[in-house]
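S.K.: Whole structure, please, built from the sequences with the hints as guidance.
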Amino acid sequence: MSKHPYRGLYLIAAVLLLLPLVLPNSFYVDLAIRMAINAVIVLGLNLLIGFAGQISLGHAGFIGIGAYASAALPTHFGWHPLLAVVAGAVAAGALAAVLARPIFRLKGHYLAMATLGLGIITNIVVRNEAAWTGGPDGMAVPPMAFGSFEVTGDKPWYWIVASLLCISIWASINIIDSPFGRALRALHGSEVASKVVGVHVVRYKVSVFVMSAMFASIMGSVTALYVGFVTPNLADFFHSIELVTMVVIGGMGSIYGSVLGAVLLTALPQALATFEGWETVVFGAILMLCMIFMPKGLVPTLAARFGKGE
Amino acid sequence: MLAQFLQSLFSGITVGSTYALAALGFTLIYNSSHVINFAQGEFIMLGGMLAVYFTNSGLGLPLSLVLAIVLPAIVGLVMEKVAIEPVKGAEPVTLIIITIGASLVLRGLVQIWLGKGTFSLPAFSGEQPINVLGATLMPQSLWVLGVTAIVVLCLWYFFARTLMGKAMLATSFNRVAAELVGINTDGVLFLSFAMSAALGALGGILVTPITLTSYDAGIMLGLKGFVGAVLGGLGNGLGAVVGGLLVGVLEAMGAGYISSSYKDAMPFVLILLILFFRPSGLFGGKATDRV
Amino acid sequence: MALLEVQDLSIQFGGVKAVQNVSFSIGAGIVYAVIGPNGAGKTTLFNLITGIYTPTSGSILLDGQPIQGKSPDVLAQRGVARTFQNLQICMNMSAVENVMVGAHLRLNRNLFKAALRWPALKARDRYLHAEALELMRFVGLEAYATARADSMSYGALKRLEIARALAMKPRLLFLDEPAAGLNPKETIEVDTLIRKVADTGVTVVLVEHDMKMVMNLSDRILVLDYGRKLAEGTGAEVRRNPDVIAAYLGTHA
Numbered sequence: 014m015s016k017h018p019y020r021g022l023y024l025i026a027a028v029l030l031l032l033p034l035v036l037p038n039s040f041y042v043d044l045a046i047r048m049a050i051n052a053v054i055v056l057g058l059n060l061l062i063g064f065a066g067q068i069s070l071g072h073a074g075f076i077g078i079g080a081y082a083s084a085a086l087p088t089h090f091g092w093h094p095l096l097a098v099v100a101g102a103v104a105a106g107a108l109a110a111v112l113a114r115p116i117f118r119l120k121g122h123y124l125a126m127a128t129l130g131l132g133i134i135t136n137i138v139v140r141n142e143a144a145w146t147g148g149p150d151g152m153a154v155p156p157m158a159f160g161s162f163e164v165t166g167d168k169p170w171y172w173i174v175a176s177l178l179c180i181s182i183w184a185s186i187n188i189i190d191s192p193f194g195r196a197l198r199a200l201h202g203s204e205v206a207s208k209v210v211g212v213h214v215v216r217y218k219v220s221v222f223v224m225s226a227m228f229a230s231i232m233g234s235v236t237a238l239y240v241g242f243v244t245p246n247l248a249d250f251f252h253s254i255e256l257v258t259m260v261v262i263g264g265m266g267s268i269y270g271s272v273l274g275a276v277l278l279t280a281l282p283q284a285l286a287t288f289e290g291w292e293t294v295v296f297g298a299i300l301m302l303c304m305i306f307m308p309k310g311l312v313p314t315l316a317a318r319f320g321k322g323e
Numbered sequence: 044m045l046a047q048f049l050q051s052l053f054s055g056i057t058v059g060s061t062y063a064l065a066a067l068g069f070t071l072i073y074n075s076s077h078v079i080n081f082a083q084g085e086f087i088m089l090g091g092m093l094a095v096y097f098t099n100s101g102l103g104l105p106l107s108l109v110l111a112i113v114l115p116a117i118v119g120l121v122m123e124k125v126a127i128e129p130v131k132g133a134e135p136v137t138l139i140i141i142t143i144g145a146s147l148v149l150r151g152l153v154q155i156w157l158g159k160g161t162f163s164l165p166a167f168s169g170e171q172p173i174n175v176l177g178a179t180l181m182p183q184s185l186w187v188l189g190v191t192a193i194v195v196l197c198l199w200y201f202f203a204r205t206l207m208g209k210a211m212l213a214t215s216f217n218r219v220a221a222e223l224v225g226i227n228t229d230g231v232l233f234l235s236f237a238m239s240a241a242l243g244a245l246g247g248i249l250v251t252p253i254t255l256t257s258y259d260a261g262i263m264l265g266l267k268g269f270v271g272a273v274l275g276g277l278g279n280g281l282g283a284v285v286g287g288l289l290v291g292v293l294e295a296m297g298a299g300y301i302s303s304s305y306k307d308a309m310p311f312v313l314i315l316l317i318l319f320f321r322p323s324g325l326f327g328g329k330a331t332d333r334v
Numbered sequence: 009m010a011l012l013e014v015q016d017l018s019i020q021f022g023g024v025k026a027v028q029n030v031s032f033s034i035g036a037g038i039v040y041a042v043i044g045p046n047g048a049g050k051t052t053l054f055n056l057i058t059g060i061y062t063p064t065s066g067s068i069l070l071d072g073q074p075i076q077g078k079s080p081d082v083l084a085q086r087g088v089a090r091t092f093q094n095l096q097i098c099m100n101m102s103a104v105e106n107v108m109v110g111a112h113l114r115l116n117r118n119l120f121k122a123a124l125r126w127p128a129l130k131a132r133d134r135y136l137h138a139e140a141l142e143l144m145r146f147v148g149l150e151a152y153a154t155a156r157a158d159s160m161s162y163g164a165l166k167r168l169e170i171a172r173a174l175a176m177k178p179r180l181l182f183l184d185e186p187a188a189g190l191n192p193k194e195t196i197e198v199d200t201l202i203r204k205v206a207d208t209g210v211t212v213v214l215v216e217h218d219m220k221m222v223m224n225l226s227d228r229i230l231v232l233d234y235g236r237k238l239a240e241g242t243g244a245e246v247r248r249n250p251d252v253i254a255a256y257l258g259t260h261a
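In order, the protein sequence lines correspond to chains A, B and C. Take the first sequence: its letters are residues 14 to 323, numbered as in the working numbering. Take the second sequence: its letters are residues 44 to 334, numbered as in the working numbering. Take the third sequence: its letters are residues 9 to 261, numbered as in the working numbering.
Since the hints were made in silico from the structure, they are not lab data. Among the hints, a few may not be true.
[Stated by the list, open to error] Below, in silico cross-link-like pairs of lysine-lysine (DSBU-like), each with a Cα-Cα straight-line distance of 30 Å or less:
{"id": "1", "chain 1": "B", "residue 1": "K209", "chain 2": "B", "residue 2": "K124"}
{"id": "2", "chain 1": "B", "residue 1": "K209", "chain 2": "A", "residue 2": "K309"}
{"id": "3", "chain 1": "C", "residue 1": "K177", "chain 2": "C", "residue 2": "K193"}
{"id": "4", "chain 1": "A", "residue 1": "K168", "chain 2": "B", "residue 2": "K209"}
{"id": "5", "chain 1": "C", "residue 1": "K204", "chain 2": "C", "residue 2": "K220"}
{"id": "6", "chain 1": "C", "residue 1": "K193", "chain 2": "C", "residue 2": "K204"}
[What the hints assert, rightly or not] Computed footprint of chain C on chain A, listed as stretches where at least three residues anywhere in the stretch have a Cβ under 8 Å from a Cβ of chain C:
{"id": "7", "region": "193–205"}
{"id": "8", "region": "212–218"}
[Claimed, not checked] From the derived model, a few chain A residues whose C-beta atoms are all more than 12 Å from chain C:
{"id": "9", "residue": "A26"}
{"id": "10", "residue": "L29"}
{"id": "11", "residue": "D43"}
{"id": "12", "residue": "H89"}
{"id": "13", "residue": "V111"}
{"id": "14", "residue": "W145"}
{"id": "15", "residue": "D150"}
{"id": "16", "residue": "S185"}
{"id": "17", "residue": "I188"}
{"id": "18", "residue": "V209"}
{"id": "19", "residue": "V221"}
{"id": "20", "residue": "A286"}
All figures in this text were calculated on a predicted structure; none of them were measured in a lab. Beta carbons: idealized from backbone N, C-alpha and C, even for Gly.
M.R.: Below, the structure is given as structure tokens:
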């Protein structure tokens with residue numbers, strides 16, 4: 014652990030505190046909120062991809078579970094929005110656990126295939142079950158409320174999301190330099206060696222997968238509550254790919270890389286919006302070029318270049 | 044009763060043949076490089092879209108079809124040289140993401156060039172349906188099945204009887220050993236991308252008169268072909284063909300007997316079942332690692 | 009009662025009978041060597057005992073309890089540690105972290121406490137960090153105290169693996185070709201190190217080709233050939249055995 018492990022966190026916290034003063038209008042505040050939401054999801058996904066070395070190609074499915082839980086449970090069953098968030102997280106975690114246990118007993122990249130299947134199935138279910146989910150057009154989300162006080166609008170959500178981001182970064186830093194985190198990194202480095210020192214490989218991989226699924230679900234609920242509306246696009250294959258791209262571009266295994274990746278790739282579609290059609294091409298080109306020339310991702314490559322080391 | 048069963052069976056084998064060709068493409072590339080090529084679906088889409096483009100430009104069906112197979116093959120070669128060869132020893136995650144990136148580039152370029160519309164090709168020998176025991180069979184289906192069968196036979200001959208084919212097999216068993224006996228494994232990889240793209244494109248062309256094509260037709264076709272390859276045992280050629288056909292049939296049966304709105308979900312439920320109960324697929328073997 | 013007892017152990021990979029009906033026992037506190045030509049099944053035997061493979065038949069008893077087929081992490085809990093013929097070092101971590109991973113079972117592995125930076129957990133971590141540095145000193149790697157694993161030489165990495173295995177505080181330590189790939193000077197250093205380890209009371213089992221080292225270190229030797237037990241006994245006994253001479257040692261024993 015470096016002497017000042019939280020240095021980057023303090024910087025980010027400072028930026029988050031000052032940002033609302035600098036941003037010109039609510040469009041940019043909205044963008045900042047979306048960046049932060051993605052950053053939290055990517056932090057969780059990074060633990061899975063960067064540390065445990067496994068790929069999930071269906072993570073948007075978990076986001077969808079959280080989002081639609083926040084939409085459907087209060088609307089159809091009258092549940093309190095906070096309870097719906099918890100329910101979504103539990104459901105996502107349970108699904109991840111059920112899926113992961115048999116998959117992780119296998120060698121190789123079977124998780125990629127399994128999550129691919131799961132993500133697509135989730136998307137199709139959401140599109141089909143219109144009575145519960147509003148179908149392809151989506152449905153409205155009842156806002157988070159405590160008594161008569163409703164949490165709506167970008168101001169309160171900015172602070173909620175900013176706090177969540179700081180907490181997530183803090184927790185991630187702590188986890189990485191702990192026995193649990195070390196075991197994860199050892200898993201990635203040499204599975205055989207970690208087995209031999211007593212790491213229960215399957216259990217660790219499952220824990221990480223479940224954790225990243227729950228992160229995603231909670232942030233899916235947050236997105237739904239903030240925007241006030243959900244559509245199936247939230248849980249589609251392209252969104253899953255976007256998330257993996259954020260992890261990879263920022264740097265697998267790098268916390269600040271995750272944040273950077275999320276920031277850059279949330280802003281990119283906005284920048285490309287004028288180039289209808291080219292968005293896909295540019296995205297794909299970035300993915301390819303980054304992986305060919307900077308396979309470690311932005312932050313680790315730059316850190317090595319400037320001699321700092323993470 | 045029988046009619047409905049046969050109907051589902053026919054449509055299942057027809058689209059299953061496209062999956063089978065896609066699955067073969069996945070297998071070829073996986074065998075020579077252990078890369079799962081997520082751009083395979085885009086080769087299928089390119090075949091169909093290019094065929095449409097060339098026929099609409101007045102080139103006549105035969106020439107259009109030839110171009111629609113050759114050009115994707117060239118695209119495959121370019122992809123291999125530009126995106127795969129430079130990163131040969133990289134981690135699997137990296138390679139998977141590169142192929143995903145390539146698929147986005149291909150899909151985006153086609154979207155820009157040819158738009159978001161849906162297109163069709165005229166059926167090769169007319170649209171008069173054939174009546175088989177109460178079920179209808181489109182003549183195009185016979186084309187699909189027939190051409191696929193011929194292609195599979197040719198491939199079998201290629202791998203079993205020709206030197207080049209055996210060299211490709213050798214590379215898939217043990218790359219280093221193959222290099223040591225003088226096989227140009229880079230050339231094998233090169234060729235496998237070209238063949239895989241051509242196979243995919245062919246499948247796309249054959250099935251366009253029935254299922255139509257569009258810039259995003261490749262995603263689902265490719266993914267389902269992938270399921271077929273895994274079902275048959277990733278790396279096993281015969282398994283790929285059987286797997287692809289099975290996926291098509293099971294999908295059609297599911298749509299016909301269970302629910303048609305969940306048609307697209309069937310192959311993915313299938314892959315989850317495979318991974319839970321028989322991850323090595325129908326024909327795959329168990330492997331042990333030497334520590 | 010012997011610490012480790014192997015009874016009629018066999019494993020088959022398809023048609024290849026890698027290990028056939030091998031039986032032997034190892035008493036606590038000795039240095040036991042397994043030798044034999046390449047392909048004789050030595051590493052396979054190690055993999056069977058340390059839980060990487062499951063035998064097709066036969067049994068392995070640790071303290072009288074059967075352990076065949078149990079996974080490596082369970083065996084780690086029973087005090088079994090090993091190093092590998094093909095180095096299994098986590099190149100993505102620093103040298104010290106590699107050693108600390110060895111102490112995994114003795115650390116507080118709770119995820120929530122880790123996320124919250126629980127003081128007790130951090131304190132134990134600091135203690136084990138110091139212990140890991142001490143172990144690195146024990147194996148002669150004090151120069152690499154702040155190094156990353158991927159910057160170390162092959163010989164250093166072999167000793168790092170031993171340090172990691174020792175971090176488990178094992179009762180039984182399996183060393184798979186500890187001198188492979190080392191030059192004569194490094195080989196002597198490893199020889200001395202193994203002696204040091206054995207002197208602390210750990211039972212050491214090693215696979216090795218370097219005959220001088222084997223004869224120097226071992227209290228008892230098992231000779232394997234084509235997966236079968238060819239001979240067993242002290243160094244002197246094995247050296248005189250005509251079968252062993254014919255199969256392995258040659259005429260200039």
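S.K.: None of the hints should be skipped; say for each whether it holds.
M.R.: Status of the hints after comparison with the structure:
1. B:K209 / B:K124: Within the cut-off at roughly 23 Å; holds.
2. B:K209 / A:K309: violated, 36 Å
3. C:K177 / C:K193: Roughly 27 Å separates the two Cα atoms, so the pair holds.
4. A:K168 / B:K209: violated, 66 Å
5. C:K204 / C:K220: Measuring from Cα to Cα gives roughly 17 Å; hence the hint holds.
6. C:K193 / C:K204: holds, 17 Å
7. 193–205: holds (count 10)
8. 212–218: Result for this restraint: holds, n = 3.
9. A26: holds, 16 Å
10. L29: holds, 20 Å
11. D43: holds, 29 Å
12. H89: At about 33 Å from chain C, A:H89 clears the 12 Å cut-off, so the statement holds.
13. V111: holds, 20 Å
14. W145: holds, 34 Å
15. D150: A:D150 is indeed farther than 12 Å from all Cβ atoms of chain C, at 39 Å.
16. S185: violated, 8 Å
17. I188: violated, 5 Å
18. V209: violated, 5 Å
19. V221: violated, 9 Å
20. A286: holds, 38 Å
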